[in-house]
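Engineer: Go ahead and model the full structure; you've got the sequences and the hints to work with.
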Amino acid sequence: MSNLEWTDAAAVDDVPEDDVIGIVVAGRDLALYSAGGEIFATDNICTHGQARLCEGFLEGHEIECPLHQGRFDVRTGQPTCAPVTEAIRSYPVKVEGDRVFLAFA
Amino acid sequence: MSTDTIVIVGTGQAGGWAAQTLRKEGHAGKVVLIGDEPHIPYERPPLSKAVLAGEATAESTYLVKREAFDALALDWRPSVRVTAIDRADRQLRLSAGEPIGYDKLILCNGGRARTLPVPGVDLPGIFTLRNIEDAKALGQVLLPGKRLVVVGGGWIGLEVAATARKKGLAVTVVEAMNRLCERTVPPEISAYLSRLHASHDTQVILGASVAAFARADDGTLRTKLNDGTELACDAVLIGIGLVPNDELARAAGLACDGGVLVDAQCRTSDADILAAGDVASWHCEWAGRRMRLESWQNAQEQGIAAARSALGIGVRYQPLPWFWSDQYETNLQIYGMPTPAHRVVARGAPDSDSFMLFYLDGNVVSAALGPNVARDLRFARRLIEQRKAIDPDRLADLRVPMSKL
Chain A
1 MSNLEWTDAA
11 AVDDVPEDDV
21 IGIVVAGRDL
31 ALYSAGGEIF
41 ATDNICTHGQ
51 ARLCEGFLEG
61 HEIECPLHQG
71 RFDVRTGQPT
81 CAPVTEAIRS
91 YPVKVEGDRV
101 FLAFA
Chain B
1 MSTDTIVIVG
11 TGQAGGWAAQ
21 TLRKEGHAGK
31 VVLIGDEPHI
41 PYERPPLSKA
51 VLAGEATAES
61 TYLVKREAFD
71 ALALDWRPSV
81 RVTAIDRADR
91 QLRLSAGEPI
101 GYDKLILCNG
111 GRARTLPVPG
121 VDLPGIFTLR
131 NIEDAKALGQ
141 VLLPGKRLVV
151 VGGGWIGLEV
161 AATARKKGLA
171 VTVVEAMNRL
181 CERTVPPEIS
191 AYLSRLHASH
201 DTQVILGASV
211 AAFARADDGT
221 LRTKLNDGTE
231 LACDAVLIGI
241 GLVPNDELAR
251 AAGLACDGGV
261 LVDAQCRTSD
271 ADILAAGDVA
281 SWHCEWAGRR
291 MRLESWQNAQ
301 EQGIAAARSA
311 LGIGVRYQPL
321 PWFWSDQYET
331 NLQIYGMPTP
341 AHRVVARGAP
351 DSDSFMLFYL
361 DGNVVSAALG
371 PNVARDLRFA
381 RRLIEQRKAI
391 DPDRLADLRV
401 PMSKL
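Quick note, the sequences are listed as chains A and B, same order.
Heads up: the first sequence at position 36 corresponds to 36 in this note's numbering, and the numbers run straight through without jumps.
Heads up: the second sequence at position 109 corresponds to 109 in this note's numbering, and the numbers run straight through without jumps.
Check each hint, because a few of them may be wrong.
Covered by chain B, per the in silico footprint, the following chain A stretches (three or more residues, Cβ under 8 Å) [said to hold, decoys possible]:
id	region
1	60-69
2	79-85
Computed cross-link-like contacts, EDC-like style, restricted to lysine to aspartate or glutamate with a CA-CA straight-line distance of at most 20 Å [what the hints assert, rightly or not]:
id	chain 1	residue 1	chain 2	residue 2
3	B	K388	A	E59
4	A	K94	A	D29
5	B	K24	A	D73
6	B	K24	A	E86
7	B	K404	A	D18
8	A	K94	A	D14
9	A	K94	A	D13
10	B	K404	B	E385
11	B	K167	B	E329
12	B	K404	A	D19
13	B	K404	A	E17
14	B	K404	A	E59
15	B	K404	A	E55
The set of hints was computed from the structure by calculation and includes no laboratory data.
Note that the structure is a prediction, hence the values are computed from the model and not measured.
All C-beta atoms in this analysis are idealised placements derived from N, C-alpha and C, irrespective of residue type, glycine included.
Structural biologist: Set out below in structure tokens:
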């Protein structure tokens with residue numbers, strides 16, 4: 001992980017506990033999740049219906065799309081519930097101090 | 001079991017999910033997917049919205065991309081109709097090609113748009129909307145300045161009315177009942193929908209039925225109502241519901257009653273034949289009665305359940321019904337089956353643009369719906385599924401976040 005290039009994306013406090021927010025970093029539309037005390041990041045647009053995951057429903061480590069209730073594991077981006085069949089891209093996250101950094105390599 | 005041949009009739013959303021699920025569950029035998037449409041399985045909701053408006057391609061509605069569909073290694077028979085089920089010999093007769101044998105058969109052959117038995121209904125310019133070709137044909141006449149009459153103030157009719165207004169047409173909706181979507185929503189939502197469409201300058205005529213269509217001397221159409229009113233227009237959409245394609249099952253002696261009767265394992269009266277989606281009639285515990293559920297959710301979830309059941313996996317299909325409609329910027333959602341027997345609790349003002357109605361048995365929420373409250377409704381779904389008693393005053397109190405109920 002040491003050779004990743006990290007981008008300052010948000011303050012830790014921006015992401016409410018067990019919830020999701022949408023952010024735009026380096027021109028990318030992203031969703032940031034706080035789940036079980038850890039922060040995760042994925043692309044924001046669902047791979048199925050073009051809805052924004054940041055308007056969805058986070059339950060444990062699964063984000064549910066607000067449009068059709070497809071689900072992804074926010075840790076890996078893997079689809080966990082129909083109708084989604086394609087994974088969503090997830091990004092490495094590190095927290096330093098009160099800031100959240102993402103790697104886009 | 002794994003080398004058996006499973007045949008799916010119908011390439012809509014239910015059939016598509018059934019096929020995908022058979023492979024996902026490890027079925028290595030032959031899977032035959034037969035349907036009278038030329039497309040790989042697709043979702044129908046965009047046909048009255050983005051596809052109709054020309055904003056999305058037909059391909060964007062496909063359940064999976066073409067490569068992923070090919071990877072399922074199905075024996076896919078597009079544009080082929082099944083003409084008979086021979087249960088004694090366990091085979092299907094087709095409109096093209098040799099008969100096909102089956103070990104398990106899953107009927108996902110849906111329904112067709114209901115038509116109006118009135119003079120002139122076959123005139124050019126009069127449309128129904130069920131498949132991609134219908135959407136393309138109707139889309140071609142949705143031109144700015146033209147006049148569209150929508151017969152039927154249900155979901156298809158209202159979504160098409162919204163799409164047509166956005167394209168710059170003048171739109172009149174003619175509904176036979178005394179309120180919009182009467183069959184599926186309570187009066188508060190019908191009133192909301194009337195306000196929504198009135199605010200977009202759509203004329204809604206309630207309690208009126210069509211007597212005839214005619215072509216005028218100037219080439220435009222006339223929609224003639226029973227009270228003598230004549231509506232001049234350039235095109236007509238008839239959106240008055242769906243007729244289930246249960247003739248195939250009925251001719252084969254399967255139990256049918258306004259749809260193919262199935263149990264909670266999606267089995268028909270012949271245990272080797274299953275059914276799912278718009279064509280299947282099942283006992284919904286949330287509604288307390290047998291019904292067909294013509295929804296996106298049911299097409300997907302019952303298609304999955306039928307495939308699992310065909311493989312001998314225990315299923316008990318009893319989902320909380322979930323429905324949505326998008327019209328203009330409004331997203332309306334319904335969880336559960338509201339009935340007049342429920343006590344209604346409102347959260348927010350029902351004459352506003354965004355509110356929620358809860359339907360209670362005692363103090364237990366058993367259904368919830370509303371416009372423009374998708375996120376709060378997701379919490380309501382959890383309340384319904386938990387069947388936990390809630391203080392109705394807290395449900396109605398906007399200061400109490402839904403997440404804290």
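Engineer: Any hints this thing doesn't respect? Which numbers, in order?
Structural biologist: none
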